Amino acid sequence: MIPNILSVIVFLPVVGMLIVLLLPKEKKTAIKMVSAVFTGLQVIIAWQIYVNFDTNTTSMQFVEQVKWIESFNIWYFVGIDGLSVSMVLLTALLSFIAIVASWNIDRAEKAYFALFLLLDAGMMGVFVALDFFLFYIFWEVMLLPMYFLIGIWGGPRREYAAIKFFLYTLLGSVLMLLALLVLYFNVKDPVTGGHTFNMLHMMDQANHAGILKQFNIRLLVYAALFIGFAIKVPIFPFHTWLPDAHVEAPTPISVILAGVLLKMGTYGMLRISFPILPDAMKWEPFLYGFVILAVINIVYGSLCAMAQTDLKKLVAYSSIGHMGVVLLGMAGLTSLGMNGAVLQMFNHGIVSGMLFLLVGVIYDRAHHREISGFGGLASQMPIYTGIASLAFFANLGLPGLNNFISEAFSFLGAFGSEAFNLKVYTIIGTLGIILTAGYMLWTLQRVFFGPLNPKYVNMPEVNTRELITLVPLGILVIVLGVYPNLLLNLMEVSLNNLVQTVLNAPSFLLGMQ
Amino acid sequence: MEFSHFLQINLASLPYFIPELMLVATLLALIIIDLVMKKPSSSGWLAVVALAGVLITLITVVNQYNLDSRSLFNGMLVLDHFSLFFKVLFLLAASLAILFSMASIELAGRPVGEYFTLLIALVLGMFLMAASTNLIMIYISIELVSISSFVLAAYIKRATRSSEAGLKYAIYGAFSSGLMLYGFSLLYGLTGTLDLYQLANLLSDAVAQNPLVVFLAVLFILAGFGYKIAAVPFHFWAPDVYEGAPTPMTAFFSVGPKAAGFALLIRFFVSGMSQPSLVESTVWQAIGNVNWPQLLAVISAATMTLGNLIALVQNNVKRLLAYSSIAHAGYALMGTVVLTQEGYFATLFYLVAYYLMNMGAFLVVIVFQDLIGSEKIDDYRGLGYRAPLPAVAMGLFLFSLTGLPPTVGFIGKFYLFAALIKAGEQYYWLAVVGVLNSVVSLYYYVKIMKYMFLDRPSEEKATALPVAFGMNIMLIVLMVPILLFGLYWAPLQEFTRNSIQFFTGVF
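Line by line, the protein sequences give chains A and B.
Per our numbering, the very first residue in the first sequence carries number 1; after that it's consecutive.
Per our numbering, the very first residue in the second sequence carries number 1; after that it's consecutive.
Simulated from the structure, these hints should not be mistaken for laboratory data.
Since we're looking at a predicted model, the values are computed, not measured.
It is possible that some hints are incorrect.
[To be verified] List time: in silico DSS-like cross-link candidates among lysine-lysine, alpha-carbon distance up to 27 angstroms:
no. : chain 1 : residue 1 : chain 2 : residue 2
1   : B       : 376       : A       : 164
2   : B       : 422       : A       : 188
3   : B       : 422       : A       : 213
[Said to hold, decoys possible] Chain B is nowhere near these chain A residues, computed Cβ spacing over 10 angstroms in every case:
no. : residue
4   : 51
5   : 71
6   : 151
7   : 158
8   : 162
9   : 206
10  : 284
11  : 292
12  : 375
13  : 505
[As the list claims (entries may be wrong)] Using C-beta positions, here's what the derived DEER-type ranges look like:
no. : chain 1 : residue 1 : chain 2 : residue 2 : range
14  : B       : 501       : A       : 3         : 42 to 50 angstroms
15  : A       : 382       : B       : 484       : 43 to 51 angstroms
16  : B       : 484       : A       : 210       : 32 to 40 angstroms
17  : B       : 62        : A       : 504       : 54 to 62 angstroms
Glycine included, C-beta positions come from ideal geometry on N, C-alpha and C.
Hey, can you work out the whole structure from these sequences and the hints?
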């Protein structure tokens, strides 16, 4: 196995970026090839991680720990467990696919691919970092390339969408910065007795000291973290950046946004908020508030999706609904729900990635995305219609396809929660499934069936490059639908441990120490 | 004490005064060269001499690092690591200002003899500001800096806005130094001393008798310091002066005198208005019940909020950066309100970061001014495609000013917030104001980016612009430390931490 495998997978894109920067900007194919090779290598390394991952342990694996800034006790500390491993795989896969999907980028290619590779490194870093400071650096490093990727290569309202995205996410992350500092100064390093950014130390409630023993401070810190992550998910009412950003971003960037970036919000909650401040998470006003927001996300997201006339916007709102399912699955603190939620994070990454790619395919041909402007495409583009149907059905949760399992687990987990009574909320939430089925089928009908719009009589079929991006995702949709254990095996042990840790954590509310 | 004893102390102080003497020598050399040599050909030599003088002074300053802290000239000045830190910063800023002045076409063809002479005088004044421990000395050093600045701001003769800048600077300067002097006189009247250390000893009695008068005195004195660092509500001069002054001087004003103001402010409050806490060695307490830390906190919050909000609507990049530099004074002040070693460290660290990124941003303004003859944000449209290196550099400087990793600006802000959070819950509100301001500032910094990169140049203006080789080198020289210290800042941190050593004034 490759030594320092996590550092390699994080910094490989940075090396790729440097090479791209050194190439002259006229060598467009070389730039694209370098990007494809480096993201391809990332996929291979991700595969290595998948193969070598020990599914029987709750401890961190592939750990690397190097001191970075001595006096502030900042470490370069990376490692993965069952929670992060699926996200690492997802990031590697979607990055590669997005690079292939970027092949038709036709201006300032050098800058585009360099920024993309930087973004890739940032995303990967977030999922492997175990030092909170390091996590924050990676978290922030992503903003910059994202701004330019949307702002330079995006659609007509790209400038507005890009700055809105930037401002929203920065607002979230600066609040996170303050929370991070409060944690730093009030968590004792069990070895040295000093302050620490080490997330594993932070998760051990015995290390909490100082004002972190006051329940109101814990709530405050939790709230700050929550807003930071909620903006990324995005949770209603922090969601308004998403439709703009997703719609204006070029197709590959939409794939990354929906596929990976949204997951960072829920990942952050599971990696940081829940285990570090479990009592705040379980505090009933917060918990039920969380669940209510999750349900609003599902129902409101689905209703908005139904109302859209723009296909891309529909997919964007559908993401809001599906992330709501993830939140609901997490909230019940059952191992079924937790596994469902994290699986749903992965599955949504695959399916929403597919959907955005599919939208991109017809947008490239028709130069618009109005649902009403299409019709009867099935007769012109049978292969495309087949793949699109697969993605649509996966998105509405058809049994046998991947989303079904994860959504079912999430809802069942929340419904069966013993710690909290979430039954009513879950029942309302399941409405989302019906709504999703409604708008997906309706859209399918409007775009692919019915009379063919005469403008599109000569609409070319999906080409090889597009197939390269769509088919792997399509295969995963089916494989994970039939045999989800491929991923569940990886995450089960860690997630059950997480659930137990949070459930059994003592509450500082009751004056415990 | 007898006169001869005074003289003896003064003479004994001279060996510790070599850097300042070097500056005086440079100053005199510049005047002589300017008189002796023919006008057009002398400007290059003048710059070389000024730069050489600054660099030699830098060496002598660095040599002083192994000396013990001591009081000089009968308690007028001190030599300690704290003052040395600022002297290094001033010299680095001055050397860049000289290089910028030579590279810019704004000053080409103008006589530069007085220009460099005044610049060196200004540096000398800042040296004294960082080291003064006597109220009169403080006043004199501030005036030396101010008067040199007035002339430099108005240096471009027959340019209305330059003259306006000089005049505004002078009027506001006179007003605020008058207020400050009044504050000094109140303190003197209450305590009978001008010496900061004796003031600290006598202050608690004075506060007990006349709390209101002491508070007023502090308020008036803050007018003087606030003017120097351009803090709200003493900031009104800054935008006009920054916009009107020759751009290399704007860059210098935004960094040098501001840092000197901070040096003075910290010295005054640490040595004169507070005492080391008995509980923890790294914490100070305000003497008596004068709640000036809270006053500073309010000024800090107001400064960054106002600076940022007004910057949002600016269309001139120089003016925008002027308001942004007001906001940055507010950020840096956050470190000084908590009265801890971490806080002072954070302020100093931030000043270094700010020096790098703000000088960089102004350098790009100079480059673009020379290339397109405009500082209007509208005219920056598409410059990212016409002059990629300066535009990318600007991006880095602006993101650093916003405080995004991996830049030194982020680390600076991180330390400031860390100091606030560490100091306790009573400062959380200021930290929240600070981070929200960072978000606000993102908007106008990104506005510049938007014009440079997101907007494409119009057809007739799509040609690449030739950037001078020297400019490119300077840009790179400024970009490297911003990234480097953003990723590994331990050396800079050590250097700064060692600088939080105040002369404690034992008599």
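Hint check results:
1. With a CA separation close to 24 angstroms, the supplied pair residue 376/B and residue 164/A stays within the 27 angstroms bound.
2. Restraint check for residue 422/B and residue 188/A: the C-alpha separation of about 14 angstroms stays at or below 27 angstroms, so the hint holds.
3. Distance check on the hinted pair: residue 422/B and residue 213/A sit about 15 angstroms apart at the alpha-carbon level, within 27 angstroms; holds.
4. Against the 10 angstroms criterion, residue 51/A stays outside the reach of chain B, whose nearest CB is about 32 angstroms from its own CB.
5. Non-interface status of residue 71/A relative to chain B is broken: a Cβ of that chain comes within 10 angstroms, the nearest being about 6 angstroms off.
6. Against chain B, the non-interface label of residue 151/A is violated: not every CB pair exceeds 10 angstroms, the least being about 5 angstroms.
7. Against chain B, the non-interface label of residue 158/A is violated: not every CB pair exceeds 10 angstroms, the least being about 7 angstroms.
8. At the 10 angstroms boundary, the C-beta of residue 162/A falls inside the reach of chain B, the nearest C-beta of that chain being 7 angstroms off.
9. Non-interface status of residue 206/A relative to chain B is upheld: no Cβ of that chain comes within 10 angstroms, the nearest being about 22 angstroms off.
10. With a least CB separation of 25 angstroms from chain B, residue 284/A remains clear of the 10 angstroms interface cut-off, as annotated.
11. Separation of residue 292/A from chain B is adequate, the least Cβ-Cβ distance of about 26 angstroms exceeding the 10 angstroms criterion.
12. Against chain B, the non-interface label of residue 375/A holds: every CB pair exceeds 10 angstroms, the least being about 35 angstroms.
13. No Cβ of chain B approaches the Cβ of residue 505/A within 10 angstroms, the least distance being about 24 angstroms, so the stated non-interface status holds.
14. As the Cβ distance of residue 501/B to residue 3/A is approximately 44 angstroms, the hint placing it in 42 to 50 angstroms holds.
15. Checking the proposed 43 to 51 angstroms range against residue 382/A and residue 484/B shows it is violated: the Cβ atoms sit about 56 angstroms from each other.
16. In this structure the hint that residue 484/B and residue 210/A lie 32 to 40 angstroms apart at CB holds, the actual value being about 34 angstroms.
17. One distance hint, 54 to 62 angstroms for the beta-carbon pair residue 62/B and residue 504/A, holds here, with the actual separation near 58 angstroms.
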